[in-house]
Amino acid sequence: MSGFLAVFKRELKGYFATPVAYVFLVIFLFFSGYIPFKQGFFENRQLDMRLFFVNMPLLFIFIVPSVSMRLWAEERKSGSIELLLSLPITVKQAVLGKFLAAWLFLVIALLLTLPFPLTLAWLGDPDGGLIFAGYVSAALMAGGFLAIGSFFSAVSRNQVISFILAVVACSVLVFAGMPTTMNFLSSFLPNGLVNAISQLSFLQHFDSMQKGLIRFSDLAYFVILIIGWIAACGYILEERKAN
Amino acid sequence: MNRTIKAILAVLFILIITFSAITITENIGRGLKADITEQKIYTLSDGTKSILSRINQPIDIELYYASTAAVKGPDQIKFYNNYFEFVRSLLEEYETAAGGMINLEVIDPRPYSDEESTALAAGLKKFPITQDENFFFGLILKTGFGVQKTIPFFSPDRQNFVEYDISFLIDTAITREKKKIGVLSSLPVMGDDVTGYMAQMMRMQGQQPKEAWGFVGQLRQQFEVETVPADTEEISGIDILLVIHPKDLEEKTLFAIDQYIVKGGRAIVCVDPHCFADQPDRQAAMQGMPQSQASNMPELLKSWGLSMQPNTFAADMQLAQLTPLGQDQRPVKLIGLLGLERGCFNEDLAMSSDLNDVRVLFAGVLKDIREEDSPLQLDPILMTTSKGNSISVSGSYELMYPDPDRLLNKFYPGTEPVYMGYRISGNIKSAFPEGIDITVESEEGEESNQDSDQAQPQTKHLEAVAQGSDCGVIVYSDVDFISDMLAFQRTFLGMASVGDNNTLLLNSIEDLSGSSDLMKIRSRGNYRRPFEVVDEIEAQAEAETAEEEKKITAQIEGFQKELQEIVSSAKQGEEDIVGSAILEQKKALELKIREAEKRLQQVKLQRREKIEELGNKLRNINMLLAPAIILVVAIVLAVYRSLKRRHYIANVNKQ
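Protein sequences, first through last, are from chains A and B. FYI, UniProt numbering numbers position 240 of the first sequence as 240, with every residue one higher than the one before it. FYI, UniProt numbering numbers position 82 of the second sequence as 82, with every residue one higher than the one before it.
Be aware that one or more of the hints could be misleading.
Below, a list of computed lysine-lysine pairs in the BS3-like style, where the Cα atoms sit at most 27 Å apart [what the hints assert, rightly or not]:
hint, chain 1, residue 1, chain 2, residue 2
1, B, K6, A, K77
2, A, K9, B, K644
3, A, K241, B, K6
4, B, K179, A, K38
5, A, K38, B, K617
6, B, K126, B, K179
7, A, K38, B, K263
Don't read these hints as lab results, they were simulated from the structure.
Next up, chain B with everything else stripped away, as it sits in the complex (with noise of 0.2 Å):
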């Protein structure tokens, strides 16, 4: 064999071997990986893990991001293209982890192509960017039994959740059943829990039936709501519990509520030291008798490493909010009713990251009293400013007819948040680890006794699981955040949200209510990272010349006010009088906006050509400062080299 073709043949088995020891080595090491990233921005969570290993379905992923069309949008849109390769990257992460039970596949929907019709007609946000182009970042997830599930489009606000939003997404499109919610309260939340029919026989014989609370209408949109006695035993067949406002419940039933919660039931327990919403009975009050509208389960409470005092209300200056305490009344400043704004939510979970405006009603204090080998978590969700601080009332009579200023005399600004809920997550305890004994009428008693009129009461012991793993409460201090009075306003159309209160209580229910996987998801951190020193200088550049700016704008104002006074005064039939002395006079005023608005402009110049100077000078010395050094030590050394040939040739010519 000719010897070039015999090296051709060689070199050809030498790639051949080479590329298919890449394509081995692409599939056998797909696993192993390092994520060096300082924030492991890569590495999914243990609970999306756990989620990913109970996919029984495959599950194809549509990621849509139109980025042909985000090069010709404005530099805004460009700022997603960031976001997209990290989103990317990350269901990348979810299909390897999902041993190939996740299809992934990133489409760019270009103009009038089916691709952009699937979108729109999955309900995509999409964002017009020229006359043809449209703008799209969400997802498409479609599992193998048909259920299709969305994120319209990965807003910003919340890139740091995007994990728990697509692990959200995958774990309820592979869980079929409607999860069932069961509600145990001492108030009729629950309404009268009739059929149309029977309401509508009700009505007929004169009785009006009782309407549910307005969360429980919204819930019943999403889950399975059902009633769970106050006097049980045991609690199960449900997905979530649901306790309001627990007043005066029997040993049995805290029992019931504690075992549940220990065998790995979620629940979500909202109690108030003062529940405006439990109206006293008219009548026993006209008695004399008094009537509590507090309720609690300290017990149970203390198992989950809580307390909150009877009497003991969260208060704090610059949330309290005005409200009128009678009709024709003037608003007045209520120190307990405490409209939560951005800041009072722990923005780490995700459940309560989004939330902006909470308003609770004489809410209680909780306190973290877990012991330091504790091995709950205990994740604050709702809590005042810092300058918060709780107040005291001598008994509930002083709420009933409550006087503000005399509530806001007993406030006194804190320096710590006082915390009025908490999500507790591990291995909770129980609060009756060795059981208890509940007396029962025996059928046996009856049966033996036939000749005796009464049954005989016999004592029966519940026997206890004493810890339990995985476990999840989220406790609530107020009562009064998920009433009509506060969560909900009565419209034309029906009941309608108001503010973030119902969001609170359905977030608290996603969040139980996934899996405990789904709790395990961290926040992922912040992938942004900005250019801190511009921004400072910005900042600086912005105090620097806001006292110019505010300056020149009042004097714009001030001469726009003028010139309005004269054009008026004008029009009340002296043109003709002093006409060419007001064209003047408008003439010069006008030349002055001018000048001002010019000044102005000139000042906001300044600030932009400072950070647009700070640009420039970068980009030099990235991109001169090493080929300028090099180029001088080129020449140094060449100089050098030379002048030693010279020298060299010179001493060879002398010897």
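Next up, chain A with everything else stripped away, as it sits in the complex (with noise of 0.2 Å):
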């Protein structure tokens, strides 16, 4: 437990040590604020968060490997994960308190947008469960991101690579709901499979979380999806410490 917490402290503390964080916060705040608004929110009249939200994966999809993809390729490169794993930690624990220390900062990212919640506030009475269930489903699918990116990190030694096949392994996973693609793959696969794809899809579960409807099957996606990439991140990270 406690090499987890110094692995976690030590991760957070680094993200607000270099300026990399503050620029990160800075783009994906402006973005976050300024994609609504182009997209006629104030136009619309409608006090509810959904154009926020629904270009949050859009987003993510290059937000979060940006912070995810110096997790372990950077370690790596630099030798110090030689140092950090001959340390009295598991990989577990090492694993578990670099995910948990990148998804807080995300959130915590998120939580800087609350200038927007706040001004819906002041203009109406917007519906505040709504506007909850947005930040938690955006702070899962975050998570979700995070952990893809972690075991692509954990992959490769180049930031860069690391960035990439996160990148397109989460655009995978997010376009696989859209309607297009979805259209696309009936015209060869079977319905039942198309389905089984869509089911794979973050946007289907996100799309439902953050229009208000809270369902078991969306909560345990977030939830199983973060632990078979975290696992797999592990696995390869045992498998390096063994060579």
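The task is to assemble the complex, starting from two chains supplied on their own in separate frames and drawing on the hints.
Okay, structure coming up:
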């Protein structure tokens, strides 16, 4: 436990010690505020954060891998991973510590978008439950993307490659649920398989949650996805350690 | 095995397990969910769940929404995107709750596609957006037994009742039999209920068969309508009972009505303290025999938690209508003839939320007399404005030849609405819990007293059910509103409905006929949440500029009038004499008009700019505020750290 806490603290502190994190925050906050207004939030006159959350998957496809790419690739490149894994902590503790620190950092980034709900509250009487559900689903989605990113960061020692691989993997899981992809797939795959593929998509689970309906299957999707990719990441690192 | 291959296989294995687990939880945890929206907009009402549990055949629901076309459409169309999302989510809930009996398909009908042809053939409404694109937002429902029903267009006006509309569609699609309506009335509303052949025969014999009232004809188009005799002991075999003008009904008939309702029957009851459609017998009137035109059944009304006073009527100065009281007479304001408009109908009930114009003629006043712990639920349907009040007359003769001024003088504005219609639901207690005794002629008596000339009347006890559950009654305190006098007008094409009177009756029947489940479906609440602040700003800006706008518009009108006068005077042949002067004047006026129009535009522009300015301000706050703060924090921290580092290096050098 102490090993996990030590990694978690070191990692979280690390984010705010470098300018990279601030650049990331500025870019994320700028676009998350800019896109809804660009897409007619003010003109629609509907007091909800649909336009804010609906673009989150696309924004996260680029933003989250940029956070996750350095998780392990940097340690491997600089050689500090040898030191880290030789300390009296298990790989599981190290993986979880790094993952949760990065996740918390992303949640902080999300919370910094609070001017948006505050704007809504100033403009009228928004549905608090709906906003809460939106944030929970966005945080879970960030966790899912991050787990995928951690795995690819552990796979390659080159940050750029791990970034690209994570972007591609996240995109596949987001676009699998897009109507156009499903239409395309249904032209040569049986319906059952197309449905199964769409069930694996981030979009389907994120959509239903951010509308204010929290289903067990949506929560389970994100939790299982995170556990699966983190386990795979852990396994890869165990292998490297043995090497 | 090579370690790398082993690692790849292991990772693949982990991912396969992950995705399998996701697929399994998708199917096993389907029912587990939490609707955390404030208005519980994704939670189906108990009524809908009950309807869905009765589905005995697969149902296909095709939701048509032209999402591609909506993108190309004007901003007003884009508003439907939110509404569509809501309808789709709600339908997904139907799909989940129906346990595999409902199959939902969302279709985006593209121009010239088969889907578009299907939508058009089914009668879905289309709105052309471009030369090719049409906008659709409707629903087609197909049952396994081949019944097809549609919602041609999801109108925003019905957004609060979208669940009711969908559930009603499903309920009627799975109920294949035509509903049977029984009409019990003291008036000849059914006419001479004869076949076409009999009617022909009567005409040949010089008799004119009496026609049924207009509403009966309308009901016959959708339902099976039959007469329930006014001296019945038991009412059964019908789905809805229509009691119209229950005047001097025998106790056994009242008992039959009571028991019909207590046993779960549905009824619409129209009572009236003075029914104008109940024309008194002229001969008897001439002989001076008093004739009442009132109907009531106080015992039953009381058991339903209501009362209606005799000779007391609902009145409202704001709603009173002008009407001529005789041929060639000027229309006068009759305080009892009320034109009910929006605001006079319960907007929380699906049956009355869409009504705009219902006319009642000297309707009675219904009072809620429920006890505090009553299990009944009373929902008002019709009411006057809050300035309505009741007026009383001394007897029915006062209304036989009404004096509008005298009646008007009796009225003084009230502070609360007066109610003229209620929907009662819940566990109704019988008005005759002990049952009743009726007199019958005994057959046994006849047999045993064969010598005697007369059969012996005997008393028979009718047992009662004391209390029922899930009862449903609608009571109106007017009969005339469904009479041909107020609800219909004869045109050369036949009877045509006037206002919403007939709609109110049909809606009442629909409300009761669906099932008790439909009555439990609540209004979904308003899912639209407007920018209140912006609306306020707009209203304020409008109020501020209204005066100026009015002034400028009046000025423009004045100038235009002047211009017209000049032009017309020129036409009178003086153009040669004052031609150039007129032309100059005309030019000057045109210039003034243009200037005024420009000023008007400026005023409107200012209003728009005010809103746009707010939009820009909010956009900047959301887009720049947080990044700016982060930047400042980052710079301050960088400077602080750099200073600290320098200080440290300096100190190290000193040491």
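So which of those numbered hints doesn't the model satisfy? Hints 4, 6, 7 are the ones this structure does not satisfy, whereas the remaining hints hold.
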